[in-house]
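Using the sequences and the hints, build the whole thing.
Chains as they are written, first to last, in this note's numbering: chain S, 1 to 366; chain F, 1001 to 1366; chain E, 2001 to 2366.
Accuracy of the hints is not assured; some may be wrong.
[Claimed, not checked] As a list, the in silico EDC-like pairs of lysine to aspartate or glutamate whose alpha-carbon atoms are at most 20 Å apart:
hint : chain 1 : residue 1 : chain 2 : residue 2
1    : E       : K2334     : S       : D342
2    : F       : K1045     : F       : D1019
3    : F       : K1267     : F       : E1285
4    : S       : K339      : S       : E320
5    : S       : K314      : F       : E1320
6    : F       : K1267     : F       : D1209
7    : E       : K2297     : E       : E2285
8    : S       : K96       : E       : E2344
9    : S       : K339      : F       : E1344
10   : F       : K1339     : E       : E2349
11   : F       : K1267     : F       : D1298
12   : E       : K2334     : F       : E1335
13   : E       : K2314     : E       : D2342
14   : F       : K1096     : F       : E1021
15   : E       : K2339     : F       : E1335
16   : S       : K96       : S       : D155
17   : S       : K339      : E       : E2285
18   : F       : K1339     : S       : E344
19   : E       : K2045     : E       : E2063
20   : F       : K1198     : F       : D1209
21   : S       : K45       : S       : E21
22   : E       : K2339     : S       : D342
23   : E       : K2339     : S       : E344
24   : S       : K339      : F       : E1112
25   : E       : K2297     : E       : D2342
26   : S       : K297      : F       : E1344
27   : E       : K2096     : F       : E1112
28   : S       : K334      : E       : E2320
29   : S       : K334      : S       : D312
30   : E       : K2231     : E       : E2246
31   : S       : K334      : E       : D2342
32   : F       : K1339     : E       : E2344
33   : S       : K339      : E       : E2344
34   : F       : K1334     : S       : D342
35   : F       : K1314     : E       : E2320
36   : F       : K1045     : F       : E1063
37   : F       : K1334     : E       : D2342
38   : S       : K198      : F       : D1155
39   : F       : K1267     : F       : E1246
No lab work stands behind these hints, which were simulated from the structure alone.
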Amino acid sequence: MRVTVRELAEVVGGTVIGDAERIITGISSLHEATAGDISFLANPKYVSFLSETRAAAVLVAGEQSGITTRGSEIVQIVVANPDYAFAKVVVTYGPKAVPPPPGIHPTAVIGESVTLGLNVAIGAFVVVCEGASIGDNTIIYPQVYIGAHSSIGADCLIYPQVSIRERLSLGARVIVHPGAVIGSDGFGYASVAGVHHKIPQVGTVQIEDDVEIGANTTIDRARVGRTRIGKGTKIDNLVQIAHNVEIGEHCRIVAQVGIAGSTRIGKYAVLAGQCGIVGHVTIGEQAVVTAMSGVSKDVAAKAVVRGIPAIDFKTAQAQEIAVRRLPGTQAQVKELSAKVQDLERQLTEVLRRLGAGGGAGGTPTP
Amino acid sequence: MRVTVRELAEVVGGTVIGDAERIITGISSLHEATAGDISFLANPKYVSFLSETRAAAVLVAGEQSGITTRGSEIVQIVVANPDYAFAKVVVTYGPKAVPPPPGIHPTAVIGESVTLGLNVAIGAFVVVCEGASIGDNTIIYPQVYIGAHSSIGADCLIYPQVSIRERLSLGARVIVHPGAVIGSDGFGYASVAGVHHKIPQVGTVQIEDDVEIGANTTIDRARVGRTRIGKGTKIDNLVQIAHNVEIGEHCRIVAQVGIAGSTRIGKYAVLAGQCGIVGHVTIGEQAVVTAMSGVSKDVAAKAVVRGIPAIDFKTAQAQEIAVRRLPGTQAQVKELSAKVQDLERQLTEVLRRLGAGGGAGGTPTP
Amino acid sequence: MRVTVRELAEVVGGTVIGDAERIITGISSLHEATAGDISFLANPKYVSFLSETRAAAVLVAGEQSGITTRGSEIVQIVVANPDYAFAKVVVTYGPKAVPPPPGIHPTAVIGESVTLGLNVAIGAFVVVCEGASIGDNTIIYPQVYIGAHSSIGADCLIYPQVSIRERLSLGARVIVHPGAVIGSDGFGYASVAGVHHKIPQVGTVQIEDDVEIGANTTIDRARVGRTRIGKGTKIDNLVQIAHNVEIGEHCRIVAQVGIAGSTRIGKYAVLAGQCGIVGHVTIGEQAVVTAMSGVSKDVAAKAVVRGIPAIDFKTAQAQEIAVRRLPGTQAQVKELSAKVQDLERQLTEVLRRLGAGGGAGGTPTP
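Structure (structure tokens):
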């Protein structure tokens, strides 16, 4: 790339502070930037990086005073959301992926009655089974499996080695990363005399528009009915979503989370990394489950929970602090115990000495 | 489907309460049922759903009194195990999977000296390496890899993109879900001066009859000898089973569990979601490890354990309750401490006032 | 195999104690050994196994006195590192893998401008995209995907169904187990009014020499810049490594660990099974994070941490012991509370009786 700061500012709708004619030749993080790079400051926590970076220009949320590094002033482009603006720069000038070209690779195996939209790209060794349909402009990378009668919307990106089983539905602009499995059987058995008889899992999975599914994530089909991922929800890598789970719109599910069967997650909820949610509960809208927490019952809307089992975040923090002080508390209890014993002994003595004059109503210490 | 309640009752061996001639046209959960559906009540916890469901008939474990919803009585079919009965209904009337047809897809690559049973189905882009054998009626979905000299029994279902490495043995009626990896190298190194030298993993994996292995689960081959999964054991998605682990018969291993090397799991044990078991320990028969627990030593037969590190379930619960009360306890200790200090001060004063008359044997408070 | 103990001792550079002419016909663990097997004792914890094993000879770190089992003395081969010596025996005499032969399988799809080294083996249904390069002697198993302009060094082993996306770099002697995904998009969004806009992930992944990557592990590409795995680092199965993570040389990352974005792991660090590391922190060199721990802030070099949140190992252990005693502590506090109340009552009575003579300066107990 070779572009002026002025041109970049136009792309992102920002205001330039400094030399608008400076030439930008690369894109980088503040930390890794070399001369000529455009970078960004999204998190105020990293503002100190500005004095160390080699970047030529930086996207910022508000003007930074006098950032001069290595003798040269950094040009600032002030924007509402530096993260979002940086994304626009990357999309416009960054390296492009190299997907399979539109058309069907000659090695792909396409079943009977398959419906393909306009401009669909199907890579090598892809299998599309009978009755499946794929929307306009969707790109299917090599070695993907699409089961019978599954439908995939328009403008989707299905990366290599994804497995989408039969009778599923994916909306438009869905992205599925390599190795993800959608529509595998739910884990359900009827145990009779210790032997586990498989309960057929004949439901489906419904993935709505704008969902993203991470690498090697698994989403099980429903026993009957459907497993549903709401519009705009983003799911990271190695996540497990069990049968009949329903996830609302615009949730964020971070890596290695596990959600057990029939649980419902309200819209805008955030499940942080490695947390686990038991089956048959409801997580309210906008709730946050912090990393590695284990949810064992319903979580209210907008609640923030933490711990195993997960409880209110502030209560959990108070408990953690209390546990940190516990060895000290126990030493204190031991000391108090000795003191009380001492007091008892002394008081007995006092009472003995007063005893002659006697007649107190108090229970004597044994 | 279009069948009478009477016919369904015959399929499941149940007793009809209500109109046996009612026509059933679909299968659903109580929650999602629409008019004409057969549903089931397996967990008494959900009995309240009966008054809300639109189902026309329901499989129940015992007669439910007067369940009339939306003005129409629900027909009941009383069976011993509603879960199991519902499974029979689904198998008989539900949608069927569409596996590759018997025969070898022309794109499949079959090595030398491969033995195929009767009626085997091998899908597109499957690789079966030299010396492997596949039993009667087994279905291999597309894009599966079967390594040299591995043997797969009869009536197995191997879903797309499964990787089964060389010299492994799978029994009959084994189901392996998409993306699972069986026989990868165990994680073993001899570290010399900080450098980790790979210890070759030349053992095998033995999967016995009726085992089910979840999507993207990984089962490592033994260093020497074997990793073994006992007959009838069911393993969910994204589970990690390390080298030389031995799992007994009829266990249930829920999603994202990890079992470290050389550990033994007794038959009928249950490992709930996301729990972890350290290497070289033994989990007794019928033991239960609750979700997200971390087992660091042997667990007795029939024990139920919980926590990190996992301990007896009731003890763990008592500790959790104790921790919940801990901030209160610490406030109480602070208050007691002040009171004791006060008592000490007062008692010193009392002793001072009595002192003139003196002669008490008690240790004076310092 | 059929070899004398003397020959084995030469291979491993060991000293024989006992009959050097004994014939060895197999390789096994002490536990599973049958007559004629060579085995090893790496962990002194298992020394009792020596009296039970059927092995004919055993690799040991130091002479074991008088190990006679089942009436026959076991021949000992004394070596510096029995683990490492056993690995040498296995490599020399154990079963060999059956990789695809050198050359390009006729079904493989090789893009334009691909560079292949000498003696490269490419299996069936492999896709190598344009501009990729593969070093000498590297073996690519079937069904692997290698994206455009990615480079793989010499002497690598890439197992079936691995997905390596575009513009990545793998060094020499790298081993990638089945189903692993390298270079998937990092999980990054700019949320505007609750809608999550994808931040393009256009950075790369750099895997250095001698790295091993486990089955179904996922390593995300950087947002910009690189995700880096240092030379000699070994990663187990189902591990998640997020965008822009940097892992130093010779680390060991055990199964199901998750490392969030931009975190740095110092060389020789050990992350035990299922632990999680938050984003943007630094784990020092040689630090150890114990199993299932959750690291939420920087960890010093050589530190050993444990717990959620992870703290110093000994402090965590002390807290665990304290919690174990907590129900007892709370009973003790209850008892103390009653005693203090009693003391207060009695002291009030004493003061009342002394009161007539009055004049004490102490604050009266309320």
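Taking the hints in turn, this is what the structure says about them:
1. A hinted pair counts as satisfied when its Cα atoms are at most 20 Å apart, and E/K2334 with S/D342 qualifies at roughly 18 Å.
2. Simply put, F/K1045 and F/D1019 have alpha-carbon atoms about 26 Å apart, too far for the 20 Å limit, and the pair is violated.
3. With a CA separation close to 5 Å, the supplied pair F/K1267 and F/E1285 stays within the 20 Å bound.
4. Restraint check for S/K339 and S/E320: not satisfied, since their Cα atoms lie roughly 29 Å apart, outside the 20 Å limit.
5. At most 20 Å may separate the alpha-carbon atoms for a hinted pair to count; S/K314 and F/E1320 meet this at roughly 16 Å.
6. Among the hinted pairs, F/K1267 with F/D1209 is consistent with the structure: their alpha-carbon atoms are about 14 Å apart, no more than 20 Å.
7. Between E/K2297 and E/E2285 the CA atoms are separated by roughly 15 Å; this keeps the pair inside 20 Å, and the hint holds.
8. At roughly 80 Å between alpha-carbon atoms, S/K96 and E/E2344 are farther apart than 20 Å, so this suggested pair is violated.
9. Between S/K339 and F/E1344 the CA atoms are separated by roughly 8 Å; this keeps the pair inside 20 Å, and the hint holds.
10. Simply put, F/K1339 and E/E2349 have alpha-carbon atoms about 16 Å apart, close enough for the 20 Å limit, and the pair holds.
11. For the given pair, F/K1267 sits about 15 Å from F/D1298 by alpha-carbon distance, which is consistent with the 20 Å threshold.
12. Between E/K2334 and F/E1335, the direct Cα distance comes to roughly 12 Å. Compliance with the 20 Å bound is thereby established for this hinted pair.
13. A C-alpha spacing of about 39 Å is found between E/K2314 and E/D2342, which places the hinted pair above 20 Å, so the restraint is violated.
14. At most 20 Å may separate the alpha-carbon atoms for a hinted pair to count; F/K1096 and F/E1021 exceed this at roughly 26 Å.
15. Restraint check for E/K2339 and F/E1335: the C-alpha separation of about 14 Å stays at or below 20 Å, so the hint holds.
16. Straight-line distance between C-alpha atoms of S/K96 and S/D155 comes to about 16 Å, which keeps the hinted pair within the 20 Å bound.
17. For the proposed pair S/K339 and E/E2285, the alpha carbon gap of about 47 Å is over 20 Å, so the pair is violated.
18. About 14 Å separates the Cα atoms of F/K1339 and S/E344, which keeps this hinted pair within 20 Å; it holds.
19. Restraint check: the Cα-Cα separation between E/K2045 and E/E2063 comes to about 15 Å, which is no more than 20 Å; the hinted pair holds.
20. Using a Cα cut-off of 20 Å, the hinted pair F/K1198 and F/D1209 is violated, with the two alpha carbons roughly 32 Å apart.
21. About 29 Å separates the Cα atoms of S/K45 and S/E21, which puts this hinted pair outside 20 Å; it is violated.
22. Of the supplied pair hints, the one linking E/K2339 and S/D342 holds, its CA atoms being roughly 12 Å apart against a limit of 20 Å.
23. Distance hint between E/K2339 and S/E344 is fulfilled; the C-alpha atoms sit about 8 Å from each other, no more than 20 Å.
24. The hinted pair formed by S/K339 and F/E1112 fails the criterion: a straight-line CA distance of about 85 Å is larger than 20 Å.
25. Restraint check for E/K2297 and E/D2342: not satisfied, since their Cα atoms lie roughly 48 Å apart, outside the 20 Å limit.
26. For the given pair, S/K297 sits about 48 Å from F/E1344 by alpha-carbon distance, which is inconsistent with the 20 Å threshold.
27. Using a Cα cut-off of 20 Å, the hinted pair E/K2096 and F/E1112 holds, with the two alpha carbons roughly 17 Å apart.
28. Restraint check for S/K334 and E/E2320: satisfied, since their Cα atoms lie roughly 18 Å apart, inside the 20 Å limit.
29. For a cut-off of 20 Å, the pair hint linking S/K334 to S/D312 is broken: about 31 Å separates their Cα positions.
30. For the hint linking E/K2231 to E/E2246, the alpha-carbon distance of about 12 Å falls within 20 Å, and the restraint holds.
31. Taken as a hint, the S/K334 and E/D2342 pair is honoured in the structure, with Cα atoms around 19 Å apart against an allowance of 20 Å.
32. Distance check on the hinted pair: F/K1339 and E/E2344 sit about 8 Å apart at the alpha-carbon level, within 20 Å; holds.
33. Proposed proximity of S/K339 and E/E2344 is supported: the alpha carbons are some 14 Å apart, at most 20 Å.
34. A hinted pair counts as satisfied when its Cα atoms are at most 20 Å apart, and F/K1334 with S/D342 qualifies at roughly 19 Å.
35. At roughly 16 Å between alpha-carbon atoms, F/K1314 and E/E2320 fall within 20 Å of each other, so this suggested pair holds.
36. Only pairs whose Cα atoms come within 20 Å are accepted, and F/K1045 paired with F/E1063 is accepted, the gap being roughly 15 Å.
37. For the proposed pair F/K1334 and E/D2342, the alpha carbon gap of about 18 Å is at most 20 Å, so the pair holds.
38. Between S/K198 and F/D1155, the direct Cα distance comes to roughly 15 Å. Compliance with the 20 Å bound is thereby established for this hinted pair.
39. Between F/K1267 and F/E1246 the alpha-carbon distance is near 10 Å, which keeps this suggested pair within the 20 Å criterion.
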